[in-house]
Amino acid sequence: MTGVGTEPPVLRLRDVSVTLGGLPIVRGVSADIRAGEFVALLGANGSGKTTLLRAVLRLVQHQRGSIELFGVPQAAFRDWGRIGYVPQQVDPGLLTATVREVVAAGRLPLRRPFVPPRRGDRQAVERAIGEVGLEEKAGTQLAHLSGGQRRRTLIARALATDPELLVMDEPLAGVDVATQQSLADLLRTLTTSRQLTVLVVLHEHGPFADLVRRSLLLQDGRLVFDGDGFDPGLPHEFHHPPEHISSHNDWVPAYPSGPEPEQGDA
Numbered sequence: 002m003t004g005v006g007t008e009p010p011v012l013r014l015r016d017v018s019v020t021l022g023g024l025p026i027v028r029g030v031s032a033d034i035r036a037g038e039f040v041a042l043l044g045a046n047g048s049g050k051t052t053l054l055r056a057v058l059r060l061v062q063h064q065r066g067s068i069e070l071f072g073v074p075q076a077a078f079r080d081w082g083r084i085g086y087v088p089q090q091v092d093p094g095l096l097t098a099t100v101r102e103v104v105a106a107g108r109l110p111l112r113r114p115f116v117p118p119r120r121g122d123r124q125a126v127e128r129a130i131g132e133v134g135l136e137e138k139a140g141t142q143l144a145h146l147s148g149g150q151r152r153r154t155l156i157a158r159a160l161a162t163d164p165e166l167l168v169m170d171e172p173l174a175g176v177d178v179a180t181q182q183s184l185a186d187l188l189r190t191l192t193t194s195r196q197l198t199v200l201v202v203l204h205e206h207g208p209f210a211d212l213v214r215r216s217l218l219l220q221d222g223r224l225v226f227d228g229d230g231f232d233p234g235l236p237h238e239f240h241h242p243p244e245h246i247s248s249h250n251d252w253v254p255a256y257p258s259g260p261e262p263e264q265g266d267a
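Under the numbering used here, read the sequence shown as residues 2 to 267, first letter to last.
Careful: at least some of the hints might be erroneous.
Unchecked claim - Restraint ranges, calculated between C-beta atoms of paired labels, are given here:
#1 P9 to R214: 14 to 22 Å
#2 P117 to G22: 28 to 36 Å
#3 T190 to Q64: 38 to 46 Å
#4 R120 to R189: 28 to 36 Å
#5 G121 to T141: 19 to 27 Å
Everything labelled a hint here was simulated from the structure, so no lab data went into it.
Glycine included, every Cβ here is placed at the ideal spot set by N, Cα and C.
Just need the whole structure built from these sequences, with the hints factored in.
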């Protein structure tokens with residue numbers, strides 16, 4: 002990994018705000034995420050964490066502030082293969098597709114239009130399927146897989162471009178405890194073997210506790226905590242955020258007390 006002082010952050014947020022349907026969802030969030038970090042984006046339902054994630058991926062538009070990816074302004078960024086995205090749920094339209102077909106779709110950002118897959122594409126797909134342990138299910142439709150296997154398929158699709166940044170939205174949602182632990186074990190292996198930077202949306206650390214090195218906590222769309230070792234199980238931290246943000250970044254301002262903002266969807 003390159004030294005902190007010589008490379009731009011993988012992700013830089015500066016005063017990012019997002020409004021949806023006339024409601025402010027994300028309010029002035031600033032943070033840097035550097036290569037090799039495993040960062041949890043935490044918050045209760047309606048805190049804005051998924052909206053912020055979608056803004057990073059340009060799936061929704063931010064109205065204020067700036068986003069940079071690998072040192073490039075988001076509006077000018079084109080190398081989306083460097084970012085792997087794992088959504089919370091499988092699109093229903095994919096249920097009739099096989100594991101291999103879904104993972105192969107992950108290579109599309111790297112291929113020229115109307116050009117059939119090449120040997121390198123096929124090798125990348127098979128490698129990703131193998132890394133998530135689904136070799137024997139490669140020809141199986143997603144409709145016939147368990148929730149955990151579907152989640153692994155989405156992870157494999159994200160890995161198919163050989164990304165440097167892996168962005169995950171609630172990977173532990175809707176699966177049992179054993180599957181959650183299995184996914185955590187998988188991420189532990191992948192972050193080491195691929196030297197990934199990870200940004201993951203979670204309600205709580207759970208089985209990811211020993212993977213997370215830094216936590217960002219959103220409350221009502223504002224960043225109220227940025228630091229190590231945060232335990233979101235403490236109600237005090239949710240309902241009485243600190244007056245000054247604990248932060249890795251000196252430029253992150255404390256937010257003033259004020260009236261309760263309107264809630265939005267996360």
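Kindly confirm whether 19 to 27 Å is satisfied by the beta carbon distance between G121 and T141. Since the Cβ atoms of G121 and T141 sit about 24 Å apart, the hinted range of 19 to 27 Å holds.
Using the beta carbons of P9 and R214, state whether their distance is inside 14 to 22 Å or not. 19 Å, holds
Does the Cβ distance between T190 and Q64 fall inside 38 to 46 Å? Cβ of T190 to Cβ of Q64: about 39 Å, so the range 38 to 46 Å holds.
Regarding P117 and G22, is the given constraint of 28 to 36 Å on their beta-carbon distance met? Cβ of P117 to Cβ of G22: about 42 Å, so the range 28 to 36 Å is violated.
CB-CB spacing for R189 and R120 relative to the 28 to 36 Å hint: Distance hint for R120, R189 holds at roughly 30 Å.
Against the hints set out earlier in the document, a violation occurs for number 2 only.
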